[in-house]
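With the hints as extra help, turn the sequences into a complete structure.
Okay, here's what each chain looks like letter by letter:
There are 2 protein chains.
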Amino acid sequence: MAVLTRNQEALIRSLATRHGRKESQYCLCDGPRASHEILTLRPDLVEQVILRDDFILRESLPVDPVVLSAKEFDRIRNTVHSQGILLLVRRPEEIPVQEKIDAPFVFLLDRIADPGNFGTMVRTARAVGLCEMWLTDGTVDPYSDKSIRSASGAQFSLRIRKHGDLTATLGLLKDKGFTNVFRTSPACGCNVFTEEKLFENSVIILGNEGGGVGDAPGSKDLNIPMPGDAESLNVAQAATVILFEYVRRLGSNV
Amino acid sequence: MAVLTRNQEALIRSLATRHGRKESQYCLCDGPRASHEILTLRPDLVEQVILRDDFILRESLPVDPVVLSAKEFDRIRNTVHSQGILLLVRRPEEIPVQEKIDAPFVFLLDRIADPGNFGTMVRTARAVGLCEMWLTDGTVDPYSDKSIRSASGAQFSLRIRKHGDLTATLGLLKDKGFTNVFRTSPACGCNVFTEEKLFENSVIILGNEGGGVGDAPGSKDLNIPMPGDAESLNVAQAATVILFEYVRRLGSNV
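Going line by line, the protein sequences match chains A and B. Under my numbering, residues 14 to 267 are what the first sequence spells out, in order. Under my numbering, residues 14 to 267 are what the second sequence spells out, in order.
Just so you know, nobody snuck in bad clues.
Note that identical chains are pooled: a pair holds if it fits in a single copy or bridges any two copies.
Derived lysine to any residue pairs resembling SDA-like cross-links, with alpha carbons at most 20 Å apart:
hint, residue 1, residue 2
1, K210, G264
2, K210, N236
3, K189, P109
Hints were generated in silico from the structure; no laboratory data involved.
The following block contains the structure:
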């Protein structure tokens, strides 16, 4: 049975802080569901597995685990509802922006601030079989413990890429042939259910919860019709509508 | 300027507990966004408005507010990020199940347990213009403070009805002519994007986060195609797909 080194314990503590996460090549994954995803998708990234001694493990592990008493476990991991398993994981390697984009359209999150929304969008992307997601500067850390919990670890199934702010990212994507840029907009624009070129060499941008999508010259506004009188749809729900419209169109072409 | 009576203060405290809520004809609404909704949609239900003295009010009020110092306000409302406005609201009257159902289909939540999921579904229902929602016994309290916060008060725009468990509810709805019953199912069933009778005198059931929809003899399984390899979609995302498929079909008939 492995023992937690002082360095690992210090690392885990520092990863609970924003500063510590920013500086680190590691991230933390808490709880059985997200842990199962990571152990299945990317066991190669798992540095250490810490178990509470009453935790019933269902997976085989890539490393010899550290087993702690409930008291010791809670001391390490300061959560109220500690769930008995904690992974110390290396962050996935950055995907070079030069590499080929393996998707019919680019799903781009512009300064999404809420890890809950981010996680929902990641899970939905995974459900529809999208393998790529792009983020602009200012979007939440995709590997913070909140993001991992909210996405149930599904971000480890995606190629997540970043290339600066919205202008820089769109410039790069245009050079790569993604020339139809759609910017979600609550009020007007082309209709998500009828726009023909929505998923053809396109970039679909979902924007910040408060401020929406930043300026994107040459882009088209994309509207999700809302017969009710809500002001606007939560960004994760908007993403769900768009991603499943893609699935619907796939169906009629198969 | 009004003063908070001892009875009102005791009521507010008791509404912070599950037991207190269950016994009460009142509910609490916290924060500017949900308060704005309730003040706009149902000012007739607002019993008392409690403001922190630095809160900038944008609405006209149906009652003379109680204004408190930050310290007094926080003492009343024990939240970490108190947002300066708190409403004491009478629960909406129960809608008799005998009354006519003013919707092309019945959206039925079967033992949805998470107020976050409930709130997302309520907001989405409002966005698509659905005016009714039915709940089975065991679904979260639609007027708990968590439900109100998560739905941003949108439940006050809906007619929410209950008639016992799933079997009893489906029996009643069948008698009312809602005979096509669809039960969301992760694995198989008719396709949400092609099923012709999905919104015709139908009941669409969304089920508990862990256990899914209960038994519903005579129902059809309804499937949301997922080309990716996610186990199943979060129930609020499934609801979003279904409700916006309704909007999409409306569009082609207008």
